[in-house]
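Peer 1: Please construct the entire structure, taking both the sequences and the accompanying hints into account.
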Amino acid sequence: MRMSDLLPNQSGRVECIENDASGRLSELGLTRGSTVRCLFRAPTGDPTAYLIRDVAVALRRHDAAKVRLMQ
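If you use the working numbering, the sequence shown corresponds to residues 4 to 74, in order.
Think of the hints as simulated: they come from the structure by calculation, not from any bench.
Please note that the accuracy of each hint is not assured.
What the hints assert, rightly or not - Ranges between beta-carbon positions, derived for each pair:
| id | residue 1 | residue 2 | range |
| --- | --- | --- | --- |
| 1 | F43 | M4 | 16 to 22 Å |
| 2 | R5 | G26 | 15 to 21 Å |
| 3 | R64 | S29 | 18 to 24 Å |
| 4 | A52 | M4 | 16 to 22 Å |
| 5 | N22 | F43 | 24 to 30 Å |
| 6 | P46 | E21 | 23 to 29 Å |
| 7 | P11 | G32 | 25 to 31 Å |
| 8 | E18 | A59 | 19 to 25 Å |
| 9 | H65 | G32 | 16 to 22 Å |
| 10 | S25 | P46 | 26 to 32 Å |
Quick reminder that beta carbons are idealized off the backbone N, C-alpha and C, glycines included.
Peer 2: Shown next as structure tokens:
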């Protein structure tokens, strides 16, 4: 499952991040094993707000799709 697939109030744990996005996303606190919760989507569907290490972060769908969550 990808992070972009989460619906509001769903959560998951990070399994891996695609190489081309790992640096920037890890600076936001997305590391292997960290918990992510989808807070809400913008009315247009993009971006989506996620709770990462007690901080709300808005990510575009194509960036969130680079994060794979554990099943």
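Peer 1: Using the beta carbons of H65 and G32, state whether their distance is inside 16 to 22 Å or not.
Peer 2: 19 Å, holds
Peer 1: Is it true that P46 and E21 lie within 23 to 29 Å of each other by Cβ?
Peer 2: 28 Å, holds
Peer 1: Note whether the CB distance of A52 and M4 lies within 16 to 22 Å or breaks it.
Peer 2: 18 Å, holds
Peer 1: So the hint says 26 to 32 Å: do the beta-carbon atoms of S25 and P46 match that?
Peer 2: 30 Å, holds
Peer 1: That 24 to 30 Å hint for N22 and F43 (C-beta), does it hold up?
Peer 2: 29 Å, holds
Peer 1: Could you say whether the range 16 to 22 Å given as a hint is met by the Cβ separation of F43 and M4?
Peer 2: Holds, since F43 and M4 (Cβ atoms, about 19 Å apart) stay within the stated range.
Peer 1: Lying within 19 to 25 Å: is that true of the beta-carbon distance E18 to A59?
Peer 2: 22 Å, holds
Peer 1: Given the range 15 to 21 Å, decide if the beta-carbon distance of R5 to G26 lies inside it.
Peer 2: 19 Å, holds
Peer 1: Confirm or reject the claim that P11 and G32 have a C-beta distance inside 25 to 31 Å.
Peer 2: With a Cβ separation near 20 Å, P11 and G32 fall outside 25 to 31 Å, so the hint is violated.
Peer 1: How does the Cβ-Cβ distance of R64 and S29 compare with 18 to 24 Å: does it lie in that range?
Peer 2: 19 Å, holds
In summary, the structure is inconsistent with hint 7 from the numbered list given earlier, while agreeing with all the others.
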